[in-house]
Amino acid sequence: GDSVTQMEGPVTLSEEAFLTINCTYTATGYPSLFWYVQYPGEGLQLLLKATKADDKGSNKGFEATYRKETTSFHLEKGSVQVSDSAVYFCALSDWTGNTGKLIFGQGTTLQVKP
Amino acid sequence: ETGVTQTPRHLVMGMTNKKSLKCEQHLGHNAMYWYKQSAKKPLELMFVYSLEERVENNSVPSRFSPECPNSSHLFLHLHTLQPEDSALYLCASSQVRGRDEQFFGPGTRLTVL
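Protein sequences, first through last, are from chains Z and D.
Going by the working numbering, the first sequence opens with residue 1, and the numbers climb by one from there.
Going by the working numbering, the second sequence opens with residue 1001, and the numbers climb by one from there.
Be aware that one or more of the hints could be misleading.
[What the hints assert, rightly or not] Cross-link-like lysine to any residue pairs, in silico, SDA-like; alpha carbons within 25 Å at most:
(1) D/1041 with Z/108
(2) D/1040 with Z/9
(3) D/1036 with D/1050
(4) Z/56 with Z/68
(5) D/1040 with Z/56
(6) D/1040 with Z/1
(7) D/1040 with Z/110
(8) D/1041 with Z/86
(9) D/1041 with D/1070
(10) Z/113 with Z/86
(11) D/1041 with Z/17
(12) D/1036 with Z/94
(13) D/1041 with Z/94
(14) D/1040 with Z/76
(15) D/1019 with Z/42
(16) D/1041 with Z/56
(17) D/1040 with Z/68
Since the hints were made in silico from the structure, they are not lab data.
These numbers come from a predicted model, not from an experiment.
If we strip away everything but chain Z, and leave its shape as in the complex, we get (with noise of 0.2 Å):
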């Protein structure tokens, strides 16, 4: 069945440091690729998606570009900050009929240190 890996954490950063998040993952069709962001005590927050290959999400100074050829999805940011410390899960999408559901990887946390 379909499948997300991501590198294992904590991921311990300086503050402007740059971030790179690994994602891998295996599916049959043309899933879209998700990032999701957890802070403390909330639920899960869209971060950006891409739908099909070679597109590139972004947000907050977040990126990642669909790599159909690697399989992979990797999360970069140029410069971290403190409060970008949270939980960050890749997920692809998996449909069925006309219900999707998500594949999460394990989650990654990131702390951003001052």
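With chain Z fixed as given, assemble chain D onto it according to the hints.
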């Protein structure tokens, strides 16, 4: 209210209690989902409702009983839970079309004593 709301935000219950979690979406979506998030485990999809019909039940124990009376509301009825059921329960909604993303509520933090 906007987005997806969940009540209560926190719930403590004994193993013999009966309680219900409520989810409401204000986005005009027609699919709703229940997820369980436990510490150090991936998000687990529990139930999917599409156009008010249950279309998926991922081998969830019968002590969890979902109800979807209309496209805006989703309930999770709980009875005779176990301590290992303690977790964050997340509700989400989406549009049943194309490749639309899911929108999540803030979750209910459940503790079973």
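- Against which earlier hints does the structure fall short, listed by number upward? 5, 9, 11, 16 and 17
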